[in-house]
Amino acid sequence: MAEPVRGKDEEHEHQHELGFWRKYVFSTDHKVIGVQYTITGLCFLFLGFSLMMLMRWQLAYPDQPIPLIGKLLGQARAPGGIMTGDFYNELGAMHGTIMVFLGVVPLAVGGFGNFVLPLQIGAPDMAFPRLNMASYWFLFLGGMTMLASFFAPGGAAASGWTSYAPLSDIAMNGQTWWLVGMVFLITSSLLGAINFITTTLQLRAKGLSYMRLPFFVWSQLVTAFLLLLAFPPLETAAVLQLMDRLAGTSFFLPSGLVVGGEVLQVSGGGSPLLWQHLFWFLAHPEVYVLILPALGIVAEIIANTTRKPLWGYRAMVYSLIFLGFMSFIVWAHHMFITGMGTVMSSFFQTTTMIISIPSVVILTALILSLWGGSIRFNAPMLFALAFLPMFGIGGLTGLPLGLAAADIPLHDTYYVIGHFHYVVAPGTLFALMAGVYYWYPKVTGRMMSERLARIHFWPSLLFMNCIFFPMLIQGLNGVSRRLADGGVTYDFAGDVIGLNKMMSFSAWGLAVAQIPFVVNFFWSLRNGEKASANPWQATTIEWQAPSPPPHGNFAAPQVAYRGPYEYSVPGHEVDYLPQSQPPAAATT
Amino acid sequence: MEIPYTVERNPETGLSNGKIGIWLFLTSEVMLFGALFATYIMLRVGGADWQHDQMEAGLNIPLATVNTIVLITSSVTMVMAWASLVRRQLDRYRLFMLATVAFGFVFLIIKYFEYTAKFSHGHFPETSTFLAIYFTMTGLHGLHVIGGMAVNFYLAVPGAKLWQRNPQWLTDRVEHSGLFWHFVDLVWIFLFPVFYLL
Amino acid sequence: MSEHHAIDVDKHVRSYMIVFASLMVLTIVTVAVSYLDVSVAAAIALGLVIATVKASLVAAVFMHLIDEKKVIYWMLVCTLAAFFVLLLVPYWTSVTDQVGG
Chain A
1 MAEPVRGKDE EHEHQHELGF WRKYVFSTDH KVIGVQYTIT GLCFLFLGFS
51 LMMLMRWQLA YPDQPIPLIG KLLGQARAPG GIMTGDFYNE LGAMHGTIMV
101 FLGVVPLAVG GFGNFVLPLQ IGAPDMAFPR LNMASYWFLF LGGMTMLASF
151 FAPGGAAASG WTSYAPLSDI AMNGQTWWLV GMVFLITSSL LGAINFITTT
201 LQLRAKGLSY MRLPFFVWSQ LVTAFLLLLA FPPLETAAVL QLMDRLAGTS
251 FFLPSGLVVG GEVLQVSGGG SPLLWQHLFW FLAHPEVYVL ILPALGIVAE
301 IIANTTRKPL WGYRAMVYSL IFLGFMSFIV WAHHMFITGM GTVMSSFFQT
351 TTMIISIPSV VILTALILSL WGGSIRFNAP MLFALAFLPM FGIGGLTGLP
401 LGLAAADIPL HDTYYVIGHF HYVVAPGTLF ALMAGVYYWY PKVTGRMMSE
451 RLARIHFWPS LLFMNCIFFP MLIQGLNGVS RRLADGGVTY DFAGDVIGLN
501 KMMSFSAWGL AVAQIPFVVN FFWSLRNGEK ASANPWQATT IEWQAPSPPP
551 HGNFAAPQVA YRGPYEYSVP GHEVDYLPQS QPPAAATT
Chain B
1001 MEIPYTVERN PETGLSNGKI GIWLFLTSEV MLFGALFATY IMLRVGGADW
1051 QHDQMEAGLN IPLATVNTIV LITSSVTMVM AWASLVRRQL DRYRLFMLAT
1101 VAFGFVFLII KYFEYTAKFS HGHFPETSTF LAIYFTMTGL HGLHVIGGMA
1151 VNFYLAVPGA KLWQRNPQWL TDRVEHSGLF WHFVDLVWIF LFPVFYLL
Chain C
2001 MSEHHAIDVD KHVRSYMIVF ASLMVLTIVT VAVSYLDVSV AAAIALGLVI
2051 ATVKASLVAA VFMHLIDEKK VIYWMLVCTL AAFFVLLLVP YWTSVTDQVG
2101 G
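Chains as they are written, first to last, in this note's numbering: chain A, 1 to 588; chain B, 1001 to 1198; chain C, 2001 to 2101.
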């Protein structure tokens, strides 16, 4: 018999006695931490989007003074209100960094994962509550470091979110800040991953076997493994680049590098490609970190709003696991044009083609899950439905990039930007918005306005496509990415450059379309219709807790009696059977 | 509210949360040092004149051999500390833990002499890629030694109070800290031949 | 209640001492072997094999891996797979047939 664990956990018993700071700021409760991550993530998404809106001005009206805010940007970045090339690069690098590491991951994993996972498995909290709090504060530190970097001499990092050597090695101060910020962010994710995996392995409710887990939990579990094993090499790489920048080493500096007309006085002998390997070893699994939680969210919503179990649950789970493993051996498809021989190119091409299979299985299963459903077209479902074809386009456009020969003309063009934005923007971001609409009642105890949600949804869907589809066309016509003038000077780009104006207006339109979402988010906190514990009549265990759940989550320990998606069970009066609802006593 | 299986073993996995947690942490450390070993390989087969740079650097093999023996011995004292707790011998536990910390300290002193000798001969990380990866890997390893020493010291002295409240939990924590310490020893077992002998 | 009875631990302690002695011997062997006049490839192989043996002893005995639970084994298998991919694949991309010679 275990002796009761006392001491540090006495604080949980006296939760009501905790002051404001321990309850809302330095909390160890996974729900509070989840909300902190969500707010932080949403703020950074907004910031990252704003950086892009500035860039889109330059692309639509190259070398024209930026209206309104041009003068506020200072002489160094925008003399006469006109964006410099360096500033464009700064915006580009930080847009990518912020969106991926400070926006999507904190929201998808830190926010949704933290809040929902323990509830869905019937646990009172995460396995390591204080480690959880530490994870959030490392993220916060990393975010502040990245923000502070804008004030470094020379501005923030400007060598792409990919920070390729040797440029990043010799870049201005801001790059050092970026590296330090990344170390904090990576630490945050590693600690979080340890927590998520331990929690899922150890704290599942009685009767909640692995094959009875909601698909969302599976997606978070696999995501955690990706973070755990793939992030450390990037942390190593960051340390090595810091050594290059601060201690004068040549990890990534080849011999005889000429900078500004002079040979760099370093030992040389380093390898720029080494940086690429270490970076992409993480960054490829990272893109699955970006999509897996989204697939999990969409799966939950589809099961619920179609009033049917997911089609092919088992296949989906095995696909997730297979995808997780494969994601570690595809990374050099980002490096096809670095001079690899045909043996290794073929290897990576093959693994990349293979990895598309589980993604297709999961997407197909989600689409087939709609068949015969009694669909509720509520706010979560609108976004979840839109996700499906958008992710489809994103995935399909990835195929030519994964084939070494086809990648040659497409690499580093707008085609790539179009491809990955389709997956992350109308893909993951739509899924995350669906998740906000879906779980908002659980978190706040209020429903969001359906009307405002529709005003948010339709323009967003339209504008997303107007921004990113033309990028595929531009890329196929050879327009390179990261061009500060958008490619106007290239004759071959010809007509497709004209699309830039329409794309920029769509981006600004997309920003306006988010206003109903922001208004809805805050307005509903006080004025939304009060939500019951289970407003969506859902089966998964989080809906058995009150809205919002108290500290400790459940009044009584939960037991799982059945699978996670027992909707429309024949012979049952109600069209859903909650996972932890005890079976009725036998009548015979 | 208490978190289940903090000390008690989960009937399905047979493990406590902390045991899983520390092993997960170690897997991330394997990847961290793995990336450094991969860096070593890439640099060695790359453009630099490795044999020349290694000879120039003149690493001190006898000193490093002593350090290897020091670290291995500290691993024994570490695991004996845990065994003492299982045998409920608190005094021997404290002795073994402090011995482990002391051996760590000896390791660091020897490293200090190695590093300063290098610097005084004008051998810095920037001098060659061999020295760059040497200093970085042994440096990072050294930081891990310091971290382990800090945790071990905490468990030996202030943290040992936990023995009164929950002896099994202290025993587990010492075991988990030991796992980290053994890992640090493991890394050195590879670092030593790779840099000094090969 | 302790997981390991005091009596079981005696067996463990014996094995710790045996491993300690083995590790000392293997350390001397590692150094001695490095002075042999063999090819670079052979020297590397020999050094790494001995190191692997030492590491395995530490892992199996000191880290109790020899009687650990399945969950831990699975984690380590996945990790080692990723580790070897990271160690070998970048190397292979730089030494196999290069485009352009």
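These are computed hints drawn from the structure, not numbers from a lab.
Predicted model only: the values in this text are computed from it and were never measured.
Built from N, CA and C at the ideal position, the CB exists for glycine as well.
Hints should not be assumed to be uniformly reliable.
What the hints assert, rightly or not - From the derived model, a few chain A residues whose C-beta atoms are all more than 12 angstroms from chain C:
| hint | residue |
| --- | --- |
| 1 | 285 |
| 2 | 338 |
| 3 | 450 |
| 4 | 512 |
Stated by the list, open to error - DSS-like, lysine-lysine: derived pairs with alpha carbons at most 30 angstroms apart:
| hint | chain 1 | residue 1 | chain 2 | residue 2 |
| --- | --- | --- | --- | --- |
| 5 | A | 23 | A | 501 |
| 6 | B | 1161 | A | 23 |
| 7 | C | 2011 | A | 206 |
| 8 | A | 206 | C | 2069 |
Stated by the list, open to error - Selected chain B positions facing chain A (Cβ under 10 angstroms, derived; list incomplete):
| hint | residue |
| --- | --- |
| 9 | 1013 |
| 10 | 1061 |
| 11 | 1063 |
| 12 | 1073 |
| 13 | 1115 |
| 14 | 1119 |
| 15 | 1121 |
| 16 | 1133 |
| 17 | 1136 |
Right, here's what the structure says about each hint:
1. 285: violated (10 angstroms)
2. 338: With a cut-off of 12 angstroms, residue 338(A) comes too close to chain C, as the shortest Cβ separation is near 8 angstroms.
3. 450: Nearest chain C Cβ is 44 angstroms from residue 450(A), so the label holds.
4. 512: holds (44 angstroms)
5. 23(A) x 501(A): Between residue 23(A) and residue 501(A) the Cα gap is close to 48 angstroms, so the pair fails against 30 angstroms, i.e. violated.
6. 1161(B) x 23(A): holds (28 angstroms)
7. 2011(C) x 206(A): Given pair residue 2011(C), residue 206(A) is violated - Cα atoms ~36 angstroms apart, limit 30 angstroms.
8. 206(A) x 2069(C): Cα-Cα ~20 angstroms, so holds.
9. 1013: Because about 6 angstroms separates residue 1013(B) from the closest Cβ in chain A, which is inside the 10 angstroms limit, the hint holds.
10. 1061: violated (23 angstroms)
11. 1063: violated (23 angstroms)
12. 1073: With a minimum Cβ separation of about 29 angstroms from chain A (threshold 10 angstroms), the hint on residue 1073(B) is violated.
13. 1115: violated (13 angstroms)
14. 1119: Not OK, violated: residue 1119(B) not within 10 angstroms of chain A, min 12 angstroms.
15. 1121: Since chain A brings no Cβ nearer than about 16 angstroms to residue 1121(B), farther than 10 angstroms, the hint is violated.
16. 1133: holds (8 angstroms)
17. 1136: holds (6 angstroms)
Hints 1, 2, 5, 7, 10, 11, 12, 13, 14 and 15 from the earlier list are contradicted by this structure; the remaining hints agree with it.
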